[in-house]
Structures are given as structure tokens and as C-alpha cells.
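Participant: Each chain is listed here by its residues.
There are 2 protein chains.
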Amino acid sequence: MPKEGITPRAEDYNQWYLDIVRGADLADYAEVVRGCIVFKPTGYAIWEAMQRGLDDRIKATGHVNAYFPLLIPKSFLMKEAEHVEGFAPEVAEVTRAGGEDLAEPYVVRPTSETIIGYFYAKWVRSWRDLPLLINQWANVMRWEMRTRPFLRTAEFLWQEGHTVHADEADAEQETLKILHEVYADFVECEMALPVIKGLKSEKEKFAGALRSYALEAMMQDGRALQAATSHNLGQNFARAFDITYTDQNNTVQHAWTTSWGISTRLIGALIMAHSDDEGLVLPPRIAPIQVVVTPIYKSAEERAAVLEVVDHITAAWKGVVRFKVDNRDHLTPGFKFNEWELKGVPLRVEIGPKDIAKGSVAVARRDIPGKAGKSFLSQTGLLEALAALLDEVQQALFDRALRFREERTFDVTTYAELREAVEKGFARCYWAGSTEDEQRIQDETKATIRVIPLEQPNTVGRCVLTGKETEQQVIFARAY
Amino acid sequence: MPKEGITPRAEDYNQWYLDIVRGADLADYAEVVRGCIVFKPTGYAIWEAMQRGLDDRIKATGHVNAYFPLLIPKSFLMKEAEHVEGFAPEVAEVTRAGGEDLAEPYVVRPTSETIIGYFYAKWVRSWRDLPLLINQWANVMRWEMRTRPFLRTAEFLWQEGHTVHADEADAEQETLKILHEVYADFVECEMALPVIKGLKSEKEKFAGALRSYALEAMMQDGRALQAATSHNLGQNFARAFDITYTDQNNTVQHAWTTSWGISTRLIGALIMAHSDDEGLVLPPRIAPIQVVVTPIYKSAEERAAVLEVVDHITAAWKGVVRFKVDNRDHLTPGFKFNEWELKGVPLRVEIGPKDIAKGSVAVARRDIPGKAGKSFLSQTGLLEALAALLDEVQQALFDRALRFREERTFDVTTYAELREAVEKGFARCYWAGSTEDEQRIQDETKATIRVIPLEQPNTVGRCVLTGKETEQQVIFARAY
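Protein chains in written order, with our numbering: chain V, 2 to 481; chain R, 2 to 481.
Please keep in mind that the hints were generated in silico from the structure rather than gathered at the bench. Keep in mind the model is a prediction, meaning the values are calculated, not measured. Any given hint could turn out to be false.
Copies of the same chain look alike in the list, so a pair counts if it fits in one copy or across any two.
As the list claims (entries may be wrong) - No more than 30 Å apart at the CA atoms, straight line, and that leaves these computed lysine-lysine pairs for BS3-like: (1) Lys319 with Lys60; (2) Lys337 with Lys60; (3) Lys372 with Lys4; (4) Lys337 with Lys299; (5) Lys178 with Lys469.
If we strip away everything but chain V, and leave its shape as in the complex, we get (with noise of 0.2 Å):
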């Protein structure tokens, strides 16, 4: 029977989407604010977790943060053709202030390459101060025509890596450190979501960028969601805002930079590959709460003999597990474990007289639902036991997740396949078409090319809709 309130992922997706969102209380739209979202607290403390793993992660690589100004001056978007071209369109302009009319309109960041661009043209001047690698924790905003919490909104929240280098093999180790020692790690490790890694398609890169390398994950409609990317950009914004250094022979050269970002999109991803018919699922490590307690009785004298009982057991949890005692007493313990799975805590533990009269709890993992995934386990040594517990809920995260992956990506060698096997998840196959052939499959259906992987069989295959011989392949998918 479905949970009351949830409708089933086979149902329909994108309620069964939204009603997770709802459900575990992680948004409100923000409907006088076109296209932007509240990140209400349960929804912000995964956003905060989040941030501590990748931000601990970007300075372990050698970053700092920095911020810069949320306006940009209209005509900086303008210095950069392709980058115009991609973000112009879907401004929000300040155009009054202070109750005045603006000489010069300001863009709202969309994205910060080009006011960051300024700053560092006045920043660098010597070999010595190269590489320059600042991170910024920040909003943005992008006008979107349609908007879902999360996935799309008009604001949402990121961090912008922005790096300058004396040359492309420098700015090129940059890119693909971000991406593989901070963003693939803390995307599988942390958030239990296995990723495709590889360069982004001449049609899909970043607007201004040279090379753009991204991480692509399956959610459980088999649809591709993008869930980092990280851009070489080449001489193109050094170029366009005069970004130089004086080598070491004393002559004076442009710069090479690398940008690079995830932002809260990745809660939607998050939702989307864990979490089942009965709520949102978290991965321990990323979960605010890691396990809820419970305390059942039924008359006042069990009540306060369970609550003893449960501060004991808890006292020696601080600092190790994140845990809450749900001692709320108006309401019944059927009604606390539907809005603790609702809300995806990993691991449940009831303790009632007869769990105290055995010396045990009874354990309900959120990742199994029903009898399969309940136990009982002593109170003697539970605090060791919850933890490898919660680093199985972990593994069997990732491991569900990679398995659902493998199974709905598709070898395909001709259209006709790639046509069938986007409806159901990732096309893999040969390709050596142009933009045209991308954008016509794109238009045919609606797939396009998520990424070109970085590990590649080093066999030779006939391109999908060309025939012709190549050693390349990528993967298709229609995306979020």
C-alpha cells in the first residue's frame, strides 16, 4: 500500500519528486519570488553537510575562500562572446538604487568568471603568484523559464572554484584534480552516488570554456543528472579581462584559468537516486540526523523507566553518531516513525520495557524497509554496532545505486538502439558524429550526449549513426 501522501515512483516520477520534497519538509516554494525556493531547515542542514565535506575537501587540495561582489557590471557578461551568448538571456538586472536610476545596469551573478576575472587581471603579475586558487561559497541567480525545487530554481546556492595558471598543462591538472579528488570523491564517498566521469561534448561544454569535464549520475527514471562539472577555460577569460603574468624569462603572457562548481542542485540528485515509495533516504554520512530514537510506552511509570533508560544509552553518543531522542509525547510512535522515514534518518531505534527487560533495542534500517530490515541488538556494545551500521547503509547505498546504474545502461550499435535504450536509461556506444548529429538526435530523442568518459576500452567501434570507425564512446541519456 502506498504511504499516504507519497505517490509511487511508477506512478508518476516528478510527483512522486515533488511529494518526497514535501514530505520530508526540505522546501517551500517561494511562489511571490518567480522560480525560487525556501530551503527550509531539514532541506538546509543536507545543504550544510554537503558543504562541510567538499569544503573540507577544497582546502585539503591547497584553495581558500574569498567573496566577491553578488553584482556584476552588465557590460563584463559582454567581454566574452560565447559566455554573453550563454548567460545574457537568463539575467536579473539592477537597474535603481539607493532610489536612483543606474548609469549602467548590474547583472546579478549568474555565475562569477567574469567580475572574479577583473579582480585577478589586478591580482596577478608574476610567475610567483601563480597557481592562484580561490574558492567562493555563494548565491546565484539564472532566470529559468521552468523551475523545480532544487533541480531549477531562479537562486540557488553554490560554490564557484576559480583558479589562474602560467600554462595549460597546469590549468588542465587543476581540472581534473577538482574533479576527481575533491568532486568524485565526495560525490561517491559522502553522498553514496556512483558517477560517470568525462569531458563534456563540444555542444553540452561550458559557455567560454575550453574543455568542460563533468560527473553524471542515473536517477532511478534511468535520466542522467549532472552532478558537477569542472572547466578548463583556457586563455578565453584571461583574454577577455586581461589576466597576464611575467614569466620567468621576464615576458609577459596570458594566463590559463579552470572553473568549477556544485551547487544545491546535487540535494535533487540526492532525492532522486536514494530515496523509495516510502520517503526521502539518506546516506548516513550526509544526514543530518544519523539515527532517531524512540522511546515506546504506554503508561507515565514506563514512560520515565524507557526515558532513563534511553539518556543512559545515549550519553556517550555525542560527537560520534548524530543522533535525536524523539521524546515528543502528544504524539503515538506509529506517527514518529512515518515522519522519521518520511524525513530518511538511516537508522531508527526503539527502546520500550520489554527491549529494557532483554538488554537490547530494536534497530529498523530506513534503506530496508519492513521486517528485512529491522533487528535487535544488545545495549551492550550498541554504539560500535550503530556505527558499522551506518557505514553498511553506506555501502549498500552505493552499491544499490551502481547496480541500478549498470543494469539500465545499454551497449547499443545502431539509432534504432540508442532510440530504445534512452527510454529506459544510459546509452553506450561509438561516436564520431559532429554538433549537427548530437543536436539531431537531440531533437529526435530528446537524449543527448551526458559525457564522453575518461576511461575508454581503447577498442575500435563503428559511430552510432555514422558508421564510421572511432575509438571514442560516450554515453546518451536525456537529462535533468
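Use these hints to put chain R onto chain V, whose structure you have.
Facilitator: Same frame as chain V, now just chain R:
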């Protein structure tokens, strides 16, 4: 002899401040975005340390974080009469987006009472939903005419707490809890900044508040700086946005709300309270780098030997003190000393061949320039000795600032004395005047009532201006 590039305080306090900001590389002027600055990595790292200290305390007192839209429908600002008067003249307006003129402009949030009030009206239904305790970390924008790095910028960063309560007593308790347990505790313990806690006068309170509380700190020129504010908003915003709840007797009531904030302005206070003519001085608890280690050597051989000892000594420091080994080879020790002095690192450790021979290191305290602040410490037990010394520096900075404030606080009984006192510092006096009287004093002396201290002498005296008998003492000062 004054340090190169730093104007002495005694000569030109305002220029000194700007020289410190530039010398410590804290910020850059964003001359292309009116009134804005770039928070450079060194400056932003201070904000990150402040965020950690504040966020911990905000959460420890039962609050959670959330995120609300940057843009606010302009009409929202108009709903609370005093609020619109206070903020409408200085907002930036988004009038175009996605290539089209908007029917109703948005303002970039100057503060979020109105947009958050709108959502709270949707979320709050019953007394069980109260208190609602939410904080937001965000950027805000106020189109100020005269700006100064950190102290007054068009865009700044802050946290803003917004809470909803069932009655006045609960709202007042929250307002004061934030003032004492979150703000005063943070500012005094972490930033080593002694503050006077008190109430704002009617003239100086927040636009739309019932009562505003604040922390006032004294800068080294004797002027006051408001370090934090906590407002009991009464039912003003609850009425404007119709935030109501059903109480335990099933009656619908208007709720009571509060709001409170600390901003990047406090970085300006930090600079102005502790720094000297040598550069920035940072309290150890807030310093991104607490100890800088400078190896001293003349030959490659010495270098290798010294760096080996440095590695050995600092191996156990990770996670205990925040330190940096400055092993840049192309710079002299003197250049490095100067740079770390400018940047305010609390302790400098020097290790050279002579120190190795003696099993000691030389330590220099940033808060005590010259020989008086230098000592030699044994390499045995060094980490513990440094940790103790950091605590000592932290306390010394607080004590020095407190002594300074006490020396510059004058009990005045006549208007003539008040006029003289505010030239040098705080004037403490009995006050029974009106808002018009306060305005007159401001017009004539540039000083305002900074705060009505919570700690009152409980004696009766005569108002400094009107001569009326009163129990109320206030602090008059010129303010930033």
C-alpha cells in the same frame, strides 16, 4: 619609526585603518561595483572563523539554519510603516529579468524580516509550532552613500536570526538570550572585545522593532561601534504579515517575533580594537593562523638541517594549533617577519642553527612588539607552552581593550562635560531627555546614545541635559 605603508594611529586614524586593511591583504575595493569590496582570502578566513564561533552558539541555543530568497517583492517592504521608512531609500531594485521588464520590481534584501514574515505566516498554525527558531547566513545589500571596507559596504555578509513566539515574555527572553549567550559570549571570548550590553534609545532602535538591544564596543579612537543587535519586534511584523497561531484555548492570536544579527562589520571592529602601528593584531581564537614558524638559515646545508627540525617539531601540532611553516626560499626572514606582523599572526616561532644547538626556539608575541614580547622556549613541551601562550595573548588583548575603554569612559554631570568627553571616548551620564533632546545633542556634538546599559547603578541622579531626576544612566558617544 613608523612601519612602511602604515600611517600611525596618532597621525590619521582613518588612514591607519585603511592602511591596515591593505597591509594585511584583507580586502580589495570593488571600484566597478559601487560601494562593494572583495573579501580577500585573508579577510574571508577571519569571517569563516567568526562564522564557526557564532554558528556553534546559535545551534547550541536550539536554532537551526535555513535559506530564504535574495529578492523581496517591493510591496513587502511597504507593509510595516517604520520598516519601509528605514530601508526603502537604500535598496537596490531588480526591474528586469530574463530579458523582460518585471510587472513588480524586487528589492535585493536589505534585511529579511518581510520575506521571512511572509513564510512564517504560512508555516505557523498552532502553539505547538512555537517557538520557531531559525537563522540564516546570507548576503544583504544597502545602497550606502559613504562606504568603508568592512565597516560600511553596499553588500555585506551576515547572519540574521528570525524567531516566532507565543507571547511577549518568550520573545523578550529570546532577544536577551541571544544578546548574552550567543553574541556577548562570542564577541568577548573569541574576539577579545569587551562590550557594553544594553538597550537602544527610541531614536536609535531598528526600524520596526519594539525594543532593540545591542552590544557596543570602544575603538582605539574612543568612538563606539555596534558589534551586534538583537530586536524584540513585538507584534509589528506579525500584524503586517498576519503571523497568527491557535493557542491552547483554541483562540487565534498574533505571534511575537524577534530578529538579530552580526555582520562582516564586526571585522572592522576587530581591526580597530586590537591593531597597532605595525599592522593587524588578531586574537588567537579567531586567527586563521595562530603560529607562524620561520626557519632561519644561511646555507643550503643549514636550510636542510633547520627544516628537518621544523618538520619534527611541528609534526604533533596538526589539529592542536593552526600553524604555517613559512619556508619560502626567495624571501629573507626580515621580509617574512614584516609580512606576518602586518597580517596579525599572534605568535612567531623562529628556528635557526643556534636554536637547534640549544634545543630551544625563539618566540615573538604579536601583541607586544619589540624585545619585550620575545622569549626563548624549550623544544621539549613546546606545543603545550605555545597553547598556554596563545591563551595568555587572548586574555591580554581582552584586558588591554577593557582597560582602554575604562580609561576613556567618563562620568559626566553637565552638558559641557559631555561635549568634552565625547571628543575622547564614552560619556556616561543620567538621562531623562526626549528623542528631540537626543537629536539636539547629536546635531551639536555628533554623539548619540549608544546604549542604555542593562547594568544600572540603581541610584538616582540628574539628567545631564534637563536636570530632571532619574535612575537611568546612558552612554553617549560618537559612533561608526
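Participant: All the hints need checking, so say for each whether the structure fits it.
Facilitator: Outcome of the hint check:
1. With identical chains, the CA atoms of Lys319 and Lys60 are at most 30 Å apart both within one copy (26 Å) and between copies (15 Å).
2. In the homo-oligomer, the alpha carbons of Lys337 and Lys60 lie at most 30 Å apart only across protomers (23 Å), although the nearest pairing inside one protomer, at 39 Å, exceeds that limit.
3. With identical chains, the CA atoms of Lys372 and Lys4 are at most 30 Å apart within one copy only, with a shortest distance of 16 Å there and 73 Å across copies.
4. In this assembly of identical chains, Lys337 and Lys299 lie within 30 Å of each other by CA distance solely inside one copy; the values are 15 Å within and 69 Å between copies.
5. In the homo-oligomer, the alpha carbons of Lys178 and Lys469 never lie at most 30 Å apart, since the shortest distance is 33 Å inside one protomer and 72 Å across protomers.
Against the hints set out earlier in the document, a violation occurs for number 5 only.
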